[in-house]
Amino acid sequence: KAGVTQTPRYLIKTRGQQVTLSCSPISGHRSVSWYQQTPGQGLQFLFEYFSETQRNKGNFPGRFSGRQFSNSRSEMNVSTLELGDSALYLCASSSTGTGLLGNTIYFGEGSWLTVV
Amino acid sequence: AQSVTQLGSHVSVSEGALVLLRCNYSSSVPPYLFWYVQYPNQGLQLLLKYTTGATLVKGINGFEAEFKKSETSFHLTKPSAHMSDAAEYFCAVSYSGGGADGLTFGKGTHLIIQP
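So the sequences go chain by chain: A and B. When we follow the working numbering, the leftmost residue of the first sequence carries the number 1, and every step to the right adds one. When we follow the working numbering, the leftmost residue of the second sequence carries the number 1, and every step to the right adds one.
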């Protein structure tokens, strides 16, 4: 069974540009969430999608956005990039997301974004 | 708001020695608790989780953790460290099971194994 797949793995962008990261969840999983990992702030929750609807959002500016497609694949977009957006962006998937016992969240290997 | 505190950003143990990584959480309602491991340049891998039921939880690679409500702790242990255990370990908490509300992570503990 294939795991969570994220593309691209590494990318370099210039300040002011925008970037789109892609995530393919585990087959059958309908919940996809995104996290930002930096040395200073650690792992922080960005947002979560379930059946194409955003259910919750972390404390990030509106420059960070996402969407989910009917096949559960998800993309996140960061506009007007800042140096502080340099981070590892992790995608995670789970079968349902909310409230059920045994709900395990599986993470992808991440997309390393460097803003110069 | 929920929070997680991991005591010790770096922990060093000798190969074959006991591994103890500490995690305390703040919560006004029963939490779901998780331990994840991250190897260099990789994503997070679930070691174990506590949802309800037995408070001693066994995970992969010989790790286990005990949920102690009175101490609001969920420490991770392994009886005998192996060189391959060297990695970053994260404790996390959620209320919904980690879906819609997201996981709140601790800052992480870097485990160093001395030969």
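Be careful, since some hints might not be right.
As the list claims (entries may be wrong) - With a cut-off of at most 35 Å between alpha-carbon atoms, the simulated DSBU-like pairs for lysine-lysine come out as follows:
| no. | chain 1 | residue 1 | chain 2 | residue 2 |
| --- | --- | --- | --- | --- |
| 1 | B | Lys107 | A | Lys57 |
| 2 | B | Lys58 | A | Lys13 |
| 3 | A | Lys57 | B | Lys58 |
As the list claims (entries may be wrong) - Chain A is faced by these chain B residues, among others (derived, beta-carbon under 10 Å):
| no. | residue |
| --- | --- |
| 4 | Gly8 |
| 5 | His10 |
| 6 | Val13 |
| 7 | Ser14 |
| 8 | Tyr32 |
| 9 | Gly43 |
| 10 | Lys58 |
| 11 | Gly108 |
Unchecked claim - Chain A regions said to be covered by chain B (calculated; three or more residues, Cβ under 8 Å):
| no. | stretch |
| --- | --- |
| 12 | 11-24 |
| 13 | 69-77 |
No wet-lab data here; the hints were simulated from the structure. The model shown is predicted, which means the values in this text are computed figures rather than measured ones. Positions of the beta carbon are idealized from the N, C-alpha and C atoms, including for glycine.
Okay, the hints, checked on the actual structure:
| no. | hint | in the structure |
| --- | --- | --- |
| 1 | B/Lys107 - A/Lys57 | 20 Å, holds |
| 2 | B/Lys58 - A/Lys13 | 42 Å, violated |
| 3 | A/Lys57 - B/Lys58 | 32 Å, holds |
| 4 | Gly8 | 15 Å, violated |
| 5 | His10 | 14 Å, violated |
| 6 | Val13 | 23 Å, violated |
| 7 | Ser14 | 27 Å, violated |
| 8 | Tyr32 | 8 Å, holds |
| 9 | Gly43 | 4 Å, holds |
| 10 | Lys58 | 15 Å, violated |
| 11 | Gly108 | 6 Å, holds |
| 12 | 11-24 | violated (count 0) |
| 13 | 69-77 | violated (count 0) |
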